[in-house]
Amino acid sequence: MDYVIEMIDITKEFPGIKANDCVNFKLKKQEIHALLGENGAGKSTLMSVLFGLYQADEGHIRVNGNDVHIRNPNDANDLNIGMVHQHFKLVHNFTVTENIILGSEDTKYGLLTYKEAREKIKELSERYKLRVNPDAKIEDISVGQQQRVEILKMLYRQAEILIFDEPTASLTPQEIEELMKILKGLTKEGKSIVLITHKLNEIREVADRCTILRKGKSISTVEVKGTTNEELAEMMVGRKVVFELEKTKAKPKETVLQVSNLTIKEKEGNKEVVRNVNFKARRGEILCIAGIEGNGQTELIYGLVGMLPIKEGSILLNDKELSTLSIRKRSLSGVSHIPEDRQRHGLVLDFTLENNLILQNYFTSKYHHRGFLKFDTIRDNAEKMIDRFDIRSSRGPVSLARSMSGGNQQKLILGREIDRNNDLLIAVQPTRGLDVGAIEFIHQQLIDQRDQGKAVLLVSLELDEVMNLSDRILVMYEGELVGELDPSKIDEKELGLYMAGSKRGEVS
Amino acid sequence: MIELMNQLNFAFPYIIRAMALLSVVALGALFSERSGVVNIALEGIMIMGAFAGAWTMIIVMNNFAIPRQWNAFIGLSVGAVTGLIFSLFHAFAAIHMKSNQIISATALNFFAPAFAIFTARAVTGDRALNVRLDYSIRNIPILSDIPILGPWFFTNAYLSTFIAVFIFIVAYIVLYKTPFGLRLRSCGENPHAADSLGVNIYKIRYAGVMISGALAGLGGVMFVLSFSTRFDGAVAGFGFLSLAVLISGQWKPIRLILIAFLFALFRVVSEIPDELIGIRNLNLPQEIWRMLPFIATLVILAITSKGSAAPRAVGEPFDAGKR
Ligand SMILES: Nc1ncnc2c1ncn2[C@@H]1O[C@H](COP(=O)(O)OP(=O)(O)OP(=O)(O)O)[C@@H](O)[C@H]1O
Ligand SMILES: [Mg+2]
Numbered sequence: 001m002d003y004v005i006e007m008i009d010i011t012k013e014f015p016g017i018k019a020n021d022c023v024n025f026k027l028k029k030q031e032i033h034a035l036l037g038e039n040g041a042g043k044s045t046l047m048s049v050l051f052g053l054y055q056a057d058e059g060h061i062r063v064n065g066n067d068v069h070i071r072n073p074n075d076a077n078d079l080n081i082g083m084v085h086q087h088f089k090l091v092h093n094f095t096v097t098e099n100i101i102l103g104s105e106d107t108k109y110g111l112l113t114y115k116e117a118r119e120k121i122k123e124l125s126e127r128y129k130l131r132v133n134p135d136a137k138i139e140d141i142s143v144g145q146q147q148r149v150e151i152l153k154m155l156y157r158q159a160e161i162l163i164f165d166e167p168t169a170s171l172t173p174q175e176i177e178e179l180m181k182i183l184k185g186l187t188k189e190g191k192s193i194v195l196i197t198h199k200l201n202e203i204r205e206v207a208d209r210c211t212i213l214r215k216g217k218s219i220s221t222v223e224v225k226g227t228t229n230e231e232l233a234e235m236m237v238g239r240k241v242v243f244e245l246e247k248t249k250a251k252p253k254e255t256v257l258q259v260s261n262l263t264i265k266e267k268e269g270n271k272e273v274v275r276n277v278n279f280k281a282r283r284g285e286i287l288c289i290a291g292i293e294g295n296g297q298t299e300l301i302y303g304l305v306g307m308l309p310i311k312e313g314s315i316l317l318n319d320k321e322l323s324t325l326s327i328r329k330r331s332l333s334g335v336s337h338i339p340e341d342r343q344r345h346g347l348v349l350d351f352t353l354e355n356n357l358i359l360q361n362y363f364t365s366k367y368h369h370r371g372f373l374k375f376d377t378i379r380d381n382a383e384k385m386i387d388r389f390d391i392r393s394s395r396g397p398v399s400l401a402r403s404m405s406g407g408n409q410q411k412l413i414l415g416r417e418i419d420r421n422n423d424l425l426i427a428v429q430p431t432r433g434l435d436v437g438a439i440e441f442i443h444q445q446l447i448d449q450r451d452q453g454k455a456v457l458l459v460s461l462e463l464d465e466v467m468n469l470s471d472r473i474l475v476m477y478e479g480e481l482v483g484e485l486d487p488s489k490i491d492e493k494e495l496g497l498y499m500a501g502s503k504r505g506e507v508s
Numbered sequence: 001m002i003e004l005m006n007q008l009n010f011a012f013p014y015i016i017r018a019m020a021l022l023s024v025v026a027l028g029a030l031f032s033e034r035s036g037v038v039n040i041a042l043e044g045i046m047i048m049g050a051f052a053g054a055w056t057m058i059i060v061m062n063n064f065a066i067p068r069q070w071n072a073f074i075g076l077s078v079g080a081v082t083g084l085i086f087s088l089f090h091a092f093a094a095i096h097m098k099s100n101q102i103i104s105a106t107a108l109n110f111f112a113p114a115f116a117i118f119t120a121r122a123v124t125g126d127r128a129l130n131v132r133l134d135y136s137i138r139n140i141p142i143l144s145d146i147p148i149l150g151p152w153f154f155t156n157a158y159l160s161t162f163i164a165v166f167i168f169i170v171a172y173i174v175l176y177k178t179p180f181g182l183r184l185r186s187c188g189e190n191p192h193a194a195d196s197l198g199v200n201i202y203k204i205r206y207a208g209v210m211i212s213g214a215l216a217g218l219g220g221v222m223f224v225l226s227f228s229t230r231f232d233g234a235v236a237g238f239g240f241l242s243l244a245v246l247i248s249g250q251w252k253p254i255r256l257i258l259i260a261f262l263f264a265l266f267r268v269v270s271e272i273p274d275e276l277i278g279i280r281n282l283n284l285p286q287e288i289w290r291m292l293p294f295i296a297t298l299v300i301l302a303i304t305s306k307g308s309a310a311p312r313a314v315g316e317p318f319d320a321g322k323r
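So the protein lines, in turn, are chains A and B.
When we follow our numbering, the leftmost residue of the first sequence carries the number 1, and every step to the right adds one.
When we follow our numbering, the leftmost residue of the second sequence carries the number 1, and every step to the right adds one.
Calculated directly from the structure, the hints in this document are not laboratory data.
Careful: at least some of the hints might be erroneous.
Once the Cα atoms are required to be at most 27 Å apart in a straight line, the calculated DSS-like pairs of lysine-lysine come out as [what the hints assert, rightly or not]:
id, chain 1, residue 1, chain 2, residue 2
1, A, Lys493, B, Lys203
2, A, Lys188, A, Lys225
3, A, Lys89, B, Lys203
4, B, Lys177, A, Lys137
5, B, Lys252, A, Lys89
Label-pair restraints from in silico Cβ distances [claimed, not checked]:
id, chain 1, residue 1, chain 2, residue 2, range
6, A, Ser314, B, Leu258, 42 to 52 Å
7, B, Phe294, A, Asp78, 53 to 63 Å
8, A, Gly110, B, Leu8, 47 to 57 Å
9, B, Thr106, A, Gly501, 50 to 60 Å
10, B, Asp319, A, Phe363, 25 to 35 Å
11, B, Phe180, A, Asn133, 25 to 35 Å
12, B, Leu258, A, Lys129, 41 to 51 Å
To give an idea of the chain B side of the interface with chain A (calculated C-beta under 8 Å), a few residues [to be verified]:
id, residue
13, Leu182
14, Ser196
15, Pro317
Built from N, CA and C at the ideal position, the CB exists for glycine as well.
Construct the complete structure from the given sequences, taking the supplied hints into account.
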């Protein structure tokens, strides 16, 4: 028929878990087909099977009606299948051109024909409106541009079937909008697209059909037009999902964190990326720092928790000066931190779940006796936390953090930080890359913390999240706080104006 | 002034010799490390190459009447092949068995001198192999008469030096102008990216280690030819020094050559201070001069390793399952 891809009864097992269990998936020509499912539902696994990174244990694949065996990415490449991975696969110190030609280089007399390749890339990027400088180094360009390089990589190999694994997880709202346009343009040029995403709005905007996976099984394939967001979410999670947060009005009490005249320099270099910032966070409120990526939010938080030295200013936590203390001392003084880069700063990926849960307090007498760890206590703690925060994994307390899905890694960190019962909870992009169920859970936990009288400091790039969750918004622009807003009194548009720097207000 | 010129003319060939040796071995290691495999076995591989090359040359010399430079060429080739084969042990352990790369390389470093001395003694009754003959090229017609350059590069020169120049040019082209070079560099930086584009990481890394083995083996014979005329189970730390050259050279060929020149300079100054009048007048004890290359190594490493640009994935066994 007119299916370009048919994946039939695909089963793929990892030690301890069936990541795909008799999954069926069919892609029509020139459609955008969304793949939706909770964290760990098996979306990436299914597409990795199609791309030849994993071998299916059972089932078969047809491309354009012919049975095929895809043993490695080269086979997929020969069948004109291309994939943009969840974590980009780019060589950081290569140029854009080098990254694109790697693996399918053209030569003349055995030497690379770099110039011709460069011309070809220029042509492609004009034709598909993927603006990027072919001579720039990857480490010097933005995440959005890196993604365009990944797309160009596929087009350079003449891919007809393009797989996108969570392409919008790390993009700014503007970049997302542009990507959506690019996707539509690609189908007009005859390409067929698989789009993995957690964002229902994106599916609604560009996708024609949607296949839903739950716990490794394919639940159903639906036309997006005839289905509501609520129905999609319900099929995905297996229960009703609450989109509206249940949240009472905040009752802020005394100040927990007082930041004055804080100035921070960038990590390498001399530029002041945080300039003269002043604010207070109070018990019983969720204070949100909003802004477009790269306006100093990251550095501000690094400065607060001690990951970057500060140049000037003071940080008072319950009237105690933190700015000269080490990271551990600050943490022990009452700062809980859910870091932005959960894999680099939140977890030791090759440690087990239970050991990751005690990273912040293995050195206290609760977990060791004369220098020896108390394994029973550690195990008990893990079991208690798994229960309380619904952390799912293939092997319970002894699962490696690396093998867990993003959502569950995040729940692990959230649980660890909340359990320490500190006065201040800093959460940076706590829901990046998570499914709607997990987002709901994490939002509810943050609200509970607020209601228990903690000060919650949230940093988020997502307008939805900012508007729904926060009690007070501070907008950051080019290292300065440019506005203090009440989410109940403004709309997203106005917030957007502040974030873009075209409007300024007073900060108390 | 004339005195100074004479001294330079005297010292320069030595410097060039050491520089050629260091840069050939370091260039080899560059291929290994930029493919993602640390190779601290250079010293051991050099010893094996030197041993096999020296032995072959003695046999050839005793049995056949062929021109000296031809014999040198045979010795260098045998050394290169031996180094390549010997390095396969490291490649197998590091790439196939995913073992710790430092440990498998250290094993080679321990094995090589013991094996060489043991075998040499079993064969000749002496722990050293004597190559005896002087393999330098005294004069090259026309070229040696060029002012300045003639005495520096073309008098008392060695075949191996010209081979080194050739190797550098080829290595540079391979590394930066061929698909193989592009793939090799990507394997050392981000093997997962290369893997997802169908590059065979294992093949590339084997090739990288084998190139470093061949060049280190070649370097071993260069050492015998141009530094000692005899082989007694050691290469005077040139293997480790090459590693320092590689690191100070930031894993880049051209910088590597400049650093090799610096190291060679210090090395020569430390070996022949008595002949250099200006230096003799300083009246420093011998020991200071002897320590110079090593102190210089420490200082240069300390200065240059700050902005270190080691390949990101160097030393990490490749595991396709790791996400
Ligand atoms: N290489 C692996 N080794 C062991 N387990 C794995 C491996 N890859 C995936 N898994 C497991 O298989 C399951 C499905 O994972 P997969 O990455 O396909 O989920 P996903 O739907 O893409 O989730 P997310 O939305 O978080 O990206 C998870 O439970 C995961 O822990
Ligand atoms: Mg995934």
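So, going through the hints one by one against the coordinates:
no.: 1; hint: A/Lys493 to B/Lys203; verdict: 55 Å, violated
no.: 2; hint: A/Lys188 to A/Lys225; verdict: 19 Å, holds
no.: 3; hint: A/Lys89 to B/Lys203; verdict: 20 Å, holds
no.: 4; hint: B/Lys177 to A/Lys137; verdict: 17 Å, holds
no.: 5; hint: B/Lys252 to A/Lys89; verdict: 23 Å, holds
no.: 6; hint: A/Ser314 to B/Leu258: 42 to 52 Å; verdict: 48 Å, holds
no.: 7; hint: B/Phe294 to A/Asp78: 53 to 63 Å; verdict: 54 Å, holds
no.: 8; hint: A/Gly110 to B/Leu8: 47 to 57 Å; verdict: 40 Å, violated
no.: 9; hint: B/Thr106 to A/Gly501: 50 to 60 Å; verdict: 57 Å, holds
no.: 10; hint: B/Asp319 to A/Phe363: 25 to 35 Å; verdict: 31 Å, holds
no.: 11; hint: B/Phe180 to A/Asn133: 25 to 35 Å; verdict: 26 Å, holds
no.: 12; hint: B/Leu258 to A/Lys129: 41 to 51 Å; verdict: 45 Å, holds
no.: 13; hint: Leu182; verdict: 6 Å, holds
no.: 14; hint: Ser196; verdict: 5 Å, holds
no.: 15; hint: Pro317; verdict: 13 Å, violated
When each numbered hint is compared with the structure, violations occur for hints 1, 8, 15.
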